[in-house]
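Start from the sequences, fold in the hints, and give me the full structure.
Everything in the sequence shown is counted per this note's numbering, starting at 282 for the first residue and increasing by one.
No lab work stands behind these hints: they were computed from the structure. In this text the structure is predicted, and so the values were computed from the model without any measurement. Among the hints, a few may not be true.
Said to hold, decoys possible - List time: in silico DMTMM-like cross-link candidates among lysine to aspartate or glutamate, alpha-carbon distance up to 25 angstroms: (1) Lys-404 x Glu-345; (2) Lys-283 x Asp-389; (3) Lys-326 x Asp-416; (4) Lys-334 x Asp-303; (5) Lys-351 x Asp-332; (6) Lys-351 x Asp-416; (7) Lys-404 x Asp-349.
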Amino acid sequence: MKTRADLFAFLDAHGVAHSTLDHPPVFRVEEGLEIKATLPGGHTKNLFLKDAKGQLWLISALGETVIDLKRLHTVIGSGRLSFGSPDLMLETLGVTPGSVTAFGLINDTDHRVRFVLDAGLAKSDPVNFHPLANDATTAISQDGLRRFLAALGFTPMIVDFPAMAVVG
Numbered sequence: 282m283k284t285r286a287d288l289f290a291f292l293d294a295h296g297v298a299h300s301t302l303d304h305p306p307v308f309r310v311e312e313g314l315e316i317k318a319t320l321p322g323g324h325t326k327n328l329f330l331k332d333a334k335g336q337l338w339l340i341s342a343l344g345e346t347v348i349d350l351k352r353l354h355t356v357i358g359s360g361r362l363s364f365g366s367p368d369l370m371l372e373t374l375g376v377t378p379g380s381v382t383a384f385g386l387i388n389d390t391d392h393r394v395r396f397v398l399d400a401g402l403a404k405s406d407p408v409n410f411h412p413l414a415n416d417a418t419t420a421i422s423q424d425g426l427r428r429f430l431a432a433l434g435f436t437p438m439i440v441d442f443p444a445m446a447v448v449g
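Spelled out as structure tokens, the structure:
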């Protein structure tokens with residue numbers, strides 16, 4: 282599994298500027314509000330899900346976005362959704378609960394995970410994610426996020442969660 286140093290080397294190799302702030306571990310969106318207040322841009326919540334058909338999903342959304350998991354499957358075309366296990370998260374994204382972010386896709390070399398991006402987060406610049414562990418926050422530009430995903434071969438499904446609709 283890739284480390285924080287591997288992630289930063291990957292970002293550097295693909296011309297993605299990044300800045301990182303180390304801080305005490307943060308496990309939930311509500312924690313670390315004072316940290317977030319010092320960092321501009323969109324702050325994220327990330328959900329690792331598995332559907333009834335066995336497909337894995339990663340959702341990255343603005344922290345304040347309301348996500349209706351009971352209805353989401355009808356929007357993204359999945360089976361009914363539930364949270365993926367910590368073991369499956371570690372196996373596919375190389376992270377543990379509290380540390381899951383879009384940066385974990387660097388470890389999904391088999392492309393087992395489908396990536397859903399909140400339309401609100403897709404408009405934020407910069408975007409802030411944990412760099413594979415929840416004791417730091419790394420900011421990259423929206424363009425940088427797109428370059429990161431493209432370099433890994435991921436195309437996000439963009440969902441407007443308040444409207445419960447796929448965008449584009």
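> Are there hints from earlier that the structure breaks, and if so, what are their numbers?
Replying inline: Result: hints 4, 6 break, sorted rising.
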